[in-house]
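2 protein chains.
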Amino acid sequence: MTIELDEIKKREKGLKIINEKIKNEGIDSLIDLTGLAGGFDVTPKDISLLETYAGPAVFDEKIQKVGIEHLGGEKVLPLNRTTSGIAAMIMTYVKEGDEIAHYLPEEPGHPSIARTAKLVGADYVEYTDINDFKINDNTSLVVITGTTMDHEVISENDFKYVINKAKEQDILVFVDDASGARLRRAVYNQPTAIDLGADLSVTSTDKLMEGPRGGLMAGSEKLIDEIKLTVNQYGFEAQAPLVVGMIKALEKYSPERIKEAYVEKDELYQKLIDKGLNPLTTPTGFMFKEDEIKNVVVDKIGEMDTPSDIIATVYSMLLLENYNIVTIPAVGMPGASKTIRIDWSAKDSDKITMDEMVCAIVDTFNKTAEVCKNNKVEQVLYE
Amino acid sequence: MTIELDEIKKREKGLKIINEKIKNEGIDSLIDLTGLAGGFDVTPKDISLLETYAGPAVFDEKIQKVGIEHLGGEKVLPLNRTTSGIAAMIMTYVKEGDEIAHYLPEEPGHPSIARTAKLVGADYVEYTDINDFKINDNTSLVVITGTTMDHEVISENDFKYVINKAKEQDILVFVDDASGARLRRAVYNQPTAIDLGADLSVTSTDKLMEGPRGGLMAGSEKLIDEIKLTVNQYGFEAQAPLVVGMIKALEKYSPERIKEAYVEKDELYQKLIDKGLNPLTTPTGFMFKEDEIKNVVVDKIGEMDTPSDIIATVYSMLLLENYNIVTIPAVGMPGASKTIRIDWSAKDSDKITMDEMVCAIVDTFNKTAEVCKNNKVEQVLYE
Chain H
1 MTIELDEIKK
11 REKGLKIINE
21 KIKNEGIDSL
31 IDLTGLAGGF
41 DVTPKDISLL
51 ETYAGPAVFD
61 EKIQKVGIEH
71 LGGEKVLPLN
81 RTTSGIAAMI
91 MTYVKEGDEI
101 AHYLPEEPGH
111 PSIARTAKLV
121 GADYVEYTDI
131 NDFKINDNTS
141 LVVITGTTMD
151 HEVISENDFK
161 YVINKAKEQD
171 ILVFVDDASG
181 ARLRRAVYNQ
191 PTAIDLGADL
201 SVTSTDKLME
211 GPRGGLMAGS
221 EKLIDEIKLT
231 VNQYGFEAQA
241 PLVVGMIKAL
251 EKYSPERIKE
261 AYVEKDELYQ
271 KLIDKGLNPL
281 TTPTGFMFKE
291 DEIKNVVVDK
301 IGEMDTPSDI
311 IATVYSMLLL
321 ENYNIVTIPA
331 VGMPGASKTI
341 RIDWSAKDSD
351 KITMDEMVCA
361 IVDTFNKTAE
371 VCKNNKVEQV
381 LYE
Chain V
1001 MTIELDEIKK
1011 REKGLKIINE
1021 KIKNEGIDSL
1031 IDLTGLAGGF
1041 DVTPKDISLL
1051 ETYAGPAVFD
1061 EKIQKVGIEH
1071 LGGEKVLPLN
1081 RTTSGIAAMI
1091 MTYVKEGDEI
1101 AHYLPEEPGH
1111 PSIARTAKLV
1121 GADYVEYTDI
1131 NDFKINDNTS
1141 LVVITGTTMD
1151 HEVISENDFK
1161 YVINKAKEQD
1171 ILVFVDDASG
1181 ARLRRAVYNQ
1191 PTAIDLGADL
1201 SVTSTDKLME
1211 GPRGGLMAGS
1221 EKLIDEIKLT
1231 VNQYGFEAQA
1241 PLVVGMIKAL
1251 EKYSPERIKE
1261 AYVEKDELYQ
1271 KLIDKGLNPL
1281 TTPTGFMFKE
1291 DEIKNVVVDK
1301 IGEMDTPSDI
1311 IATVYSMLLL
1321 ENYNIVTIPA
1331 VGMPGASKTI
1341 RIDWSAKDSD
1351 KITMDEMVCA
1361 IVDTFNKTAE
1371 VCKNNKVEQV
1381 LYE
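Here the protein sequences come in this chain order: H and V. 1 is the number of the first residue of the first sequence in our numbering; add one for each residue after it. 1001 is the number of the first residue of the second sequence in our numbering; add one for each residue after it.
Only chain H is shown next, with the shape it has when bound in the complex (with noise of 0.2 Å):
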């Protein structure tokens, strides 16, 4: 009998040992270094104008500002989610037996559009190959995911063909572009999307920027107005604290970091292999697979039934409980992808040394062979 992963259960487990570490260890003892530790940087000013209807007024003019900035555009929205704007998005602009189009480097694509596509009853599909990409009688809207989950990003002409075929039968295009609009930018100096000639993107604030977990959205007026309905109908909305975190993160935000670790990724990388590992580097970091941490588990204790997601998230448990270290299979929304991935440009890699890094990497895999091997796997996700 193959044991399915309880996502909700797994999440609330990682949630209270970060809790339990707070309150004996404090805060500061926690190492996120999922590229994704947003923080909310705001001062007692900022909360005096924290009210609901005051709040907005204020944060609209600046978001406005430092949002244009960051992602071009005429006008931006900010979500209480990216997924949020997705859904809000396709919800728009996609009825009943439309189709959506989506051209990625990498499956699987961001769950939400297929899952906001079967919710309006519309076709998805996905490309990976550019050469099959098409355009159909009933495609109504064009994806494009900038880079994948796992930091992959897509060459500048690339971008361009599949716009220009969207464009070409006049076709709204989205560019899914949540960490691709700083990587993008930051690593390989491409343009925004929106300059790129997409009609709509939107970034995660809270991916490889310190602010908090968010979207933002930008585009044309006239669409970002269409959205934006759809989001006050829905409850998609950024409230006030959180376009407050947005706004500080924007404009503290420097590709300069970035940039460093993508020089220092390679160092870390050459340690590991020469430990006998076989991680992959991102730009800002490397990365183990759920496959690849299998692999490395059953060459240790044998082969086994247990799936390999499940593996990769008692990896990530063990690792927040013994380590501190903060992964996503622990801890990530339903879904998320089961890669264990180190974002050596997040500021948590500050309390931590490269060779530490490693010897936490190689224990953890230690670990998690004799949870499999002792059958306390459920033990370890859950109770």
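Simulated from the structure, these hints should not be mistaken for laboratory data. Just so it is clear, the structure is predicted and the values come from calculations on it, not from any experiment. Beta carbons: idealized from backbone N, C-alpha and C, even for Gly. Misleading hints may appear alongside valid ones.
Derived DSS-like pairs (lysine-lysine); straight-line CA-CA distance at most 25 Å [as the list claims (entries may be wrong)]: (1) H:9 - V:1351; (2) V:1222 - V:1023; (3) H:16 - V:1075; (4) H:222 - V:1009; (5) H:62 - V:1023; (6) V:1075 - H:9; (7) V:1065 - H:23; (8) V:1062 - H:16; (9) V:1016 - H:75; (10) H:65 - V:1009; (11) H:75 - V:1021; (12) H:9 - V:1062; (13) H:62 - V:1021.
Residues from chain V that face chain H, not an exhaustive set, calculated with beta carbons under 8 Å [what the hints assert, rightly or not]: (14) 1058; (15) 1061; (16) 1062; (17) 1080; (18) 1084; (19) 1087; (20) 1114; (21) 1115; (22) 1118; (23) 1236; (24) 1239; (25) 1241; (26) 1334.
For chain H, the structure is supplied; the task is to place chain V on it using the hints.
Same frame as chain H, now just chain V:
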């Protein structure tokens, strides 16, 4: 030609006025009598916890405690808005071809219910007469609204009658207890919706309590977990700063202020009658519905084509511009009620005497009549 109200543009204008007043006169110059004057009573210590993954862990524990005390049930779920929770709940339990039967003391029900019913392809029926209420073969959800937008309350007997009818057929019962969770309880001594036998209830944490705009849902652990999955999948959840605001507001909530206003509103009402006006009372203040606002204006300047929702919004905008008094029509979300409702239990009522209040109401009727007479409606609403 009848002009239509542009709800996005009027809200932007309302927020712009607020923004200017904060810049020029300071935030304390605003008098928010919406009864929705939620704030974020957050300390610097709270802020250090407002990190994406750390915050939820700490605050989830606390919101469970105070939330269950307030609403009953086994588990609570904090939401970005009440609307977000209603949408997620319907998306979780109602399928294409199902019916939602809604019992409410007065039409219209909250627009998010009909809207989400349509989104999932379900039928939607509203019953305002308890004798008409019925369950059909395809009914999969019964909704009860505990109080109307205008603060009417249904009786405990009617509550139980509808719940029993639903339970006979084993149908899920959801209570939209937006302000009812406090009004029904503090003023009318009714039990919580859950204690009345409902499966789920949701309340707005900014209505008749000093929390942020947001929603809090309660129910059994099983149901809340199911809805939480949808909530996470679409980005409907309350983020950490909202949760903190909810906790603080629930911790300091006392039904006393509501009970006091319940007595004082009679004096206020009499003063308005003495000025020749015809307000309706609410449990904690008074209100003018849009039709009555138009009536007063027509009495002053004669018949006109301008619809009453526009006149009420002009009234609200002028009350804000000239007296700094915030009411819903000027700043509410699209679809929000166009009633001018003054909540005398709002903490900002301390900033104004009863006589000043009455004077502002009377003078704003005069100013509204002038604007309508001189064809300056669009200027007041949008420019």
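Against the structure, the hints:
no. : hint            : in the structure
1   : H:9 - V:1351    : violated (48 Å)
2   : V:1222 - V:1023 : violated (48 Å)
3   : H:16 - V:1075   : holds (16 Å)
4   : H:222 - V:1009  : holds (12 Å)
5   : H:62 - V:1023   : holds (13 Å)
6   : V:1075 - H:9    : holds (14 Å)
7   : V:1065 - H:23   : holds (17 Å)
8   : V:1062 - H:16   : holds (12 Å)
9   : V:1016 - H:75   : holds (16 Å)
10  : H:65 - V:1009   : holds (19 Å)
11  : H:75 - V:1021   : holds (24 Å)
12  : H:9 - V:1062    : holds (18 Å)
13  : H:62 - V:1021   : holds (16 Å)
14  : 1058            : holds (5 Å)
15  : 1061            : holds (6 Å)
16  : 1062            : violated (10 Å)
17  : 1080            : holds (5 Å)
18  : 1084            : holds (3 Å)
19  : 1087            : holds (5 Å)
20  : 1114            : violated (11 Å)
21  : 1115            : holds (6 Å)
22  : 1118            : violated (11 Å)
23  : 1236            : holds (6 Å)
24  : 1239            : holds (6 Å)
25  : 1241            : holds (4 Å)
26  : 1334            : holds (6 Å)
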